[in-house]
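Protein chains in written order, with our numbering: chain H, 1 to 610; chain L, 1001 to 1387.
Hints were generated in silico from the structure; no laboratory data involved. Even glycine gets a Cβ: it sits at the ideal position worked out from N, Cα and C. Each hint should be verified, as a subset may be incorrect.
Where chain H lies over chain L, by a calculated footprint (3+ residues, C-beta under 8 Å) [said to hold, decoys possible]:
hint: 1; region: 1247 to 1259
hint: 2; region: 1311 to 1324
Chain H residues, not near chain L, derived (Cβ > 12 Å throughout) [as the list claims (entries may be wrong)]:
hint: 3; residue: LYS8
hint: 4; residue: GLY27
hint: 5; residue: GLU50
hint: 6; residue: ASN70
hint: 7; residue: PHE81
hint: 8; residue: GLY195
hint: 9; residue: THR235
hint: 10; residue: GLU238
hint: 11; residue: GLN348
hint: 12; residue: ASN355
hint: 13; residue: VAL531
Chain by chain, the residues run as shown.
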Amino acid sequence: MSVWKYEKTRVMTQRMIGLAVIFVLMGCIIIGRLFYLQVLQGEKYLLLAEKNRISVRLTMPSRGTIYDRNGVKLAENAKTFQAVLIKEEARDYRQTLDRFLKLIPLDEDEVSRIQKELRWKRAFMPVRIKDNLSFDEMTLLQLNAPDLPGIQIEEGMMRFYPAGTGNTHVVGYVSLLTEKDVAGNTSDPLLDLPGYRIGRTGIESSMEAVLKGKPGVRKSEINAMGRTVRVLEETPPESGQDVFLTIDSRLQNYATRLMARYAASAVVINVRTGEILALVSTPSFDANLFTVPISVKNWNKLLHHKYRPLQNKVLSGLYSPGSIFKLVVGLAGLESGVITASSKVDCQGKTKLGNHLFHCWKKNGHGSMTLEQALMHSCDVYFYEMAQKIGADKIIETARKLGFGEALNVGLNSESSGLLPTSDWKLRRFNDAWRMGDTLNLSIGQGFLNATPLQIATAVARIAGGRNLHPTLLKSNVESSIEKIDFKEYYLKLIRSGMYDVVNRVGGTAYAVRINVDGQKMAGKTATTQVRRISLKEREEGVKSQDDLPEKYRDHAIFAAFAPTDKPKYAAVVLVEHGGGGSRTAAPLMKQLMQYVLELDKSDKKELKK
Amino acid sequence: MSFFKDRNCYLKDYNLSLTDKVLGFNYLYLLFICLVVVMGIGVLYSVGGGHFNPWASKQLFRFIVSLGVLYVIALSNLRFWMKYAYVIYAIGLILLVAVSVVGHVGMGAQRWLNLGFFNLQPSEIMKIALVLALARYFHGASLEEVRSLKFMIPPVLMMIIPVAFILEQPDLGTALMLVFAAGGIFYLMGVQIWKFVVLISAAALSMPLIWSFLHEYQKKRVLTFLNPESDPLGSGYHIAQSKITLGSGGVFGKGFLQGTQSRLNFIPEKQTDFILTVLSEEFGLIGALVLCLLYAAIIAYGFIIAHRCNNFFGKILALGLTINFALYVFINMSMVMGLMPVVGVPLPLMSYGGTAMLTLFIGFGLVECVFINREMVIGRRGSIDDE
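Excised from the complex, chain H in its bound form:
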């Protein structure tokens, strides 16, 4: 072997040994690292792997159904599919969102909402991306699932209000949560569920706790895309309880149609049980608008409508009860002994108090009047005179017994308590003493006094039924036996008789609207309450009647009634804002409403007999 070969072989062998040493060192590094990861850190990584694998999710409980008195569904659930994004499970959630939007574009408002929610929601909480996925959209998402880490399709619940817009003000609506709803929440896991809709108004809001139910928990194995591979453990959600209402959705819708042109309220109460059969505020709106987030356009339309459709006027509208309050004054007079069935007042068209003249609505006066006649003709002077003798305190006390001045808690939030002015109140409010003039104003239901249509209806219902009923919308709150109200039945009869004459006797203020449904008649009382006096200047300019005034200054028209007259069962109030005269606008509406009530009553009875 030549020298160069020998030299070369020697060096190569040396270097091979050197290389082998290097390789052994590399091997040691690899094995050392394996040992470190798998033995020393094994426990930690095992835990991390489990955390990767298992996902704990809340599942949506189904919300309780709301039924009317006849078992008609007023609010129910429908299953939908929604796409949600879980930040924690997306490698880059912005990228995932971008890809999603390329597949299913959303409008700008939605995108900014999603981005906002993604920022403030905790990383493990799903954020709703799109509701109500169509079949095509679901397929699209499933096909592209590998490109959309963090996107999951979840079952969601939609709320539907199938029974017509007439029920909206009672049933209310639900809508999606906003940042405000969730701020500071730690106790209610439901609020963390995407697509959870909370009750905003009506029964949906007041009975939220009953309706909502409890979310379930699903522990499942998920893959890296966040998709569920299998369910490991599941606690099913607890459905919310159903709520049964006293209202009759037929009546609700009928009254809503009847009064659709007006800003009006209507209440129908069963005077024997206190059940509210109808509680209608017009104009109404479709509650289904709110379950999908309401568009800005629709919202503004509702918000700025001159008749305030979003307000439940029955509960929160405050009006002077006007002449209807004469029923209260009459009863107070009877109770205090100031008035008897035969005591009379001679109406000359005005009453003088000091230097001030109080006019009757009839310029030339009604002449000599008994209580019943005074009610029938709605004579102001009679009550001016009597009120002075009865005194404001007695009138206030009677009014309170009939339900004025405090919230009645019928089962909805946002109920106004109205105002029953006392001398104490006036002193506090105006730092001024109660004057006789205040009493006179009170005697015809004007002045400081105000009440909700619900309170007026309750007063009429208590007079008509003679029971101390508490009106309610909830079947579960209907009292089984109601005590008699603390008035002599004879006095109540006199008042009812006056109301009978209003409708059924020639010359009564509402004679035109008398009804006869199989011999059942209606009794009632009209009221026209001033929003603004016609000023002297306007009179000179030729404004003679209310009709010449712009609508917003016209009087409110109220009609309170009960039927049947012999054995009262239903009491009702119709109030039309700026409707002009009570007998002219409200009474004809009441006629139709009460006829419908009595007809429903009749057909329901027949149904029952079958």
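Please arrange chain L on chain H, whose structure you already have, making use of the hints.
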């Protein structure tokens, strides 16, 4: 010296029959190789969710084809490879250029040449071609020549030209492997250590310049390697999940087909670059150690074969290919275990992939060829006679 002379006389018309060659195989070496492939197919079966499709069955098929190729190459004449070493290298280089011109874009990098029925990856060919060319170049070189700078210019160029093209693709992993393989051969040939020191220092100093040439995603990979926790849901995700998968296997593993990380897709590229994690998750440290031992055996046999080979061409060829293989293993394992940035090097014989498997078996075929022809005398310039 008469002993050697006699031996040389005998070997002059060194010509083995086919039977001699087949019997002359190093079957233990082949066994280790096949064992690793079988392990790989087992893991691919698990990765496929307990199904042969889509990976295990194809891999098995490729294995059988590759084994055939190995036999053909092992039974060929070693002189043939000596003779055509530069030609093969030239073809490899031309293909590399072709790829950069009409390359097929795949995985965000131009690496394939679509031949209609087969995606050719010239950088894979280059791994072998470079070793062949260098083996040929150094076959007849004396130590003095190797230690002269002038003599070293051609081999360094032989390395740098393909590396430049591969970096441009860009495929950092393969480029690194070529550099290390060539560097390993230079070292074996006796290039002075101080030259390496100077070169490495120079490379370190020029790092900022290289950095500016790196692609954005490569920079990101290096940065996340240095601090993987900085972006656990971004690029660091791969490394973090890879470590979780490996570590969660513990000593004994979760059991065959029981790996949650791999089955639930937490591992990206689990059938290719990250296949070690699946093995480690299901078979634990034990499984990983068995694999390491098999690799060690294959590498050790490479050294033994080289040592027993009488001609320098065979020696260098076997060592170059073994270095290649060892680097392959080391780089992949280090990157999977978070010791190195993720550079996209598969685990040899285990990872799913046709070209890589075929290239490896061509390499092993050459090593077997070296083993069978270990007594062959090859003249300084490739002649039959020794000079």
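Structure-based check of each hint:
1. With 5 residues carrying a beta carbon less than 8 Å from a beta carbon of chain H, the region 1247 to 1259 of chain L meets the three-residue requirement, and the given coverage holds.
2. Counting residues of the region 1311 to 1324 of chain L whose beta-carbon sits less than 8 Å from any beta-carbon of chain H gives 4, enough to reach three: the coverage restraint holds.
3. Against the 12 Å criterion, H/LYS8 falls within the reach of chain L, whose nearest CB is about 6 Å from its own CB.
4. For H/GLY27, the condition that its CB be more than 12 Å from all CB atoms of chain L is violated, with the nearest at approximately 6 Å.
5. With a cut of 12 Å on Cβ distances, H/GLU50 falls inside the contact zone with chain L, its closest approach being about 8 Å.
6. H/ASN70, annotated as away from the interface, keeps every beta carbon of chain L farther than 12 Å; the closest lies near 52 Å.
7. H/PHE81, annotated as away from the interface, keeps every beta carbon of chain L farther than 12 Å; the closest lies near 23 Å.
8. With a cut of 12 Å on Cβ distances, H/GLY195 stays outside the contact zone with chain L, its closest approach being about 25 Å.
9. For H/THR235, the condition that its CB be more than 12 Å from all CB atoms of chain L holds, with the nearest at approximately 23 Å.
10. No beta-carbon of chain L comes within 12 Å of the beta-carbon of H/GLU238; the shortest separation is about 30 Å.
11. Distance check on H/GLN348: its Cβ is at least 90 Å (rounded) from any Cβ of chain L, clearing the 12 Å threshold; non-interface status holds.
12. Every beta carbon of chain L lies more than 12 Å from that of H/ASN355, the smallest distance being close to 85 Å; the non-interface claim holds.
13. No Cβ of chain L comes within 12 Å of the Cβ of H/VAL531; the nearest lies about 64 Å off, and the non-interface call holds.
The structure shown violates the earlier hints numbered 3, 4 and 5.
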